[in-house]
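Each protein sequence line maps, in turn, to chains A and B. Heads up: take any position in the first sequence, counting from 1, add 33, and you land on this note's numbering. Heads up: take any position in the second sequence, counting from 1, add 33, and you land on this note's numbering.
It should be emphasised that the hints constitute simulated quantities derived from the structure, not laboratory data. Please note: incorrect hints may appear among the correct ones.
Stated by the list, open to error - Partial list, derived from the structure: chain A residues whose beta carbon lies under 7 Å from chain B:
1. 144
2. 147
3. 149
4. 156
5. 160
6. 169
7. 170
8. 174
9. 177
10. 181
11. 213
12. 214
Unchecked claim - Below 25 Å or equal to it, Euclidean Cα-Cα: the simulated BS3-like pairs (lysine-lysine) are:
13. B:215 x B:167
14. A:215 x B:215
15. A:167 x A:154
16. A:167 x B:215
17. A:215 x B:167
18. A:154 x B:154
19. A:167 x A:215
20. B:154 x B:84
All C-beta atoms, glycine included, are put in the ideal place defined by N, C-alpha and C.
2 protein chains.
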Amino acid sequence: MSRWQPNARGRLEQAALDLYTERGFDQTTVAEIAERAGLTERTFFRHFADKREVLFWGQEALIELVTKRIADAADSASPIDMVRGALQAVGEMLADRHDHARRRQAVITANPRLQERELIKLASLATAMAEGLKRRGVPQPAAVLTAETAVAVFKVAFVRWLDADRDNDLSQVIGGSLDELKALTSGA
Amino acid sequence: MSRWQPNARGRLEQAALDLYTERGFDQTTVAEIAERAGLTERTFFRHFADKREVLFWGQEALIELVTKRIADAADSASPIDMVRGALQAVGEMLADRHDHARRRQAVITANPRLQERELIKLASLATAMAEGLKRRGVPQPAAVLTAETAVAVFKVAFVRWLDADRDNDLSQVIGGSLDELKALTSGA
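Pulled out of the complex, with its shape left as it was, chain A reads as follows (with noise of 0.2 Å):
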């Protein structure tokens, strides 16, 4: 068999997803989506370090993507005007995964260590944005609330997302929830 394989990885991921949405993801193993993939175990392995990365290997592109943002982000612009933009961006990102990152959802939804690995996931991402923050020059604890409001607000835009159908836009969802954050507070 050559080394190279056309799209391994996201055969790899393809039949990971349908094997954990099958069996559950404790009953998978790495042989299993390897076969169903149509590749080798060691194709499996130059892609990913283990079965749990194919669920969370976008983390650190998402990190760097908030972290970008918020370094371009314009000096005029607000804390929370930079925490919108870098989630919007995230959004964008996401845009064309729809029903991918669903059934990944549901898959994570069904075990809790991996409902745990997306909390650290989400805790990594406020922490990113809130170093992002202070890089720009903004002060605690104004840094840390913006990053942790917008982690929460994007839990939420997330969850709007994926119940909706899939011609929903989640850049959009996520300005939605911004805006019904700030009526919320503004009641206070």
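Position chain B against the provided structure of chain A, taking the given hints into account.
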């Protein structure tokens, strides 16, 4: 040894925190905690299911408290006022536990597994508040958005409280953080 031990629970908690701080959570056994407290392992297990529960037994009380406060809030209260009241009640509950909370937090920060457990606890708190708001007729997504944001604010306020000197009032820090959030989002 008689079954009844004056303040066994408090002595066990103190001994556990001392040992977790000195040696680390993973390096401490229940036998050592009991010995340090001058009690038996059997007494330990009458009070705590395991050594982790010494750090997390307050979770149920926390969730009961926020649930009750939201249920009892005035009909005229806005969703954000309902969670403000609930979180400030938590602040009052913890008022005389500043030293304990600070030591507990240091143990948790030093251990990734305990950090995960803490994230799960906060996620449960958000779920409980969202459920409470729904029972009060707050529609979706406002209920979840308010609850997730409230937990974000609580996280930030809690750290600020721990970092400040002991005379600081957690309930006031929470109120101040909610006011700051309002100011931050109003600029969006």
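To see whether the hints hold, each was checked on the structure:
1. Using the Cβ-Cβ criterion of 7 Å, the hint placing residue 144 (chain A) at the interface with chain B is not satisfied: the shortest such distance is roughly 13 Å.
2. A distance limit of 7 Å between C-beta atoms decides the matter here; for residue 147 (chain A) the minimum to chain B is near 12 Å, and the interface restraint is violated.
3. At its closest, the beta carbon of residue 149 (chain A) sits 5 Å from a beta carbon of chain B; the interface hint therefore holds under the 7 Å criterion.
4. Annotation: interface hint on residue 156 (chain A) holds; nearest CB of chain B at approximately 6 Å, less than 7 Å.
5. With a least beta-carbon distance of about 11 Å to chain B, the hint placing residue 160 (chain A) at the interface is violated under the 7 Å criterion.
6. Residue-level restraint check for residue 169 (chain A) is violated (minimum Cβ-Cβ distance to chain B is 14 Å; threshold 7 Å).
7. Taking 7 Å as the C-beta cut-off, the interface hint given for residue 170 (chain A) is violated, the closest approach to chain B being about 15 Å.
8. Because the smallest distance between the Cβ of residue 174 (chain A) and any Cβ of chain B comes to about 6 Å, under 7 Å, the interface hint for this residue holds.
9. Given hint, residue 177 (chain A) at the interface with chain B, holds; its Cβ is 5 Å from that chain's nearest Cβ, closer than 7 Å.
10. Taking 7 Å as the C-beta cut-off, the interface hint given for residue 181 (chain A) holds, the closest approach to chain B being about 4 Å.
11. Checking residue 213 (chain A) against chain B by beta carbon gives a least distance of about 6 Å; that is within 7 Å, so the hint holds.
12. The beta carbon of residue 214 (chain A) is positioned within 7 Å of a beta carbon in chain B (closest approach about 6 Å), and the interface hint is therefore held.
13. Under the criterion of a C-alpha separation no larger than 25 Å, the hint pairing residue 215 (chain B) with residue 167 (chain B) is consistent with the structure, at around 22 Å.
14. The straight-line distance between the Cα atoms of residue 215 (chain A) and residue 215 (chain B) is roughly 7 Å, inside the 25 Å bound, and the hint therefore holds.
15. This hinted pair checks out: residue 167 (chain A) and residue 154 (chain A) have alpha carbons roughly 20 Å apart, not beyond 25 Å.
16. The straight-line distance between the Cα atoms of residue 167 (chain A) and residue 215 (chain B) is roughly 20 Å, inside the 25 Å bound, and the hint therefore holds.
17. For the hint linking residue 215 (chain A) to residue 167 (chain B), the alpha-carbon distance of about 20 Å falls within 25 Å, and the restraint holds.
18. Between residue 154 (chain A) and residue 154 (chain B) the alpha-carbon distance is near 16 Å, which keeps this suggested pair within the 25 Å criterion.
19. Distance restraint check for residue 167 (chain A) and residue 215 (chain A): the Cα-Cα separation of roughly 22 Å lies within the 25 Å cut-off, and the hinted pair is therefore satisfied.
20. The hinted pair formed by residue 154 (chain B) and residue 84 (chain B) meets the criterion: a straight-line CA distance of about 16 Å does not exceed 25 Å.
Checked against the numbered hints above, the structure violates hints 1, 2, 5, 6 and 7; every other hint is satisfied.
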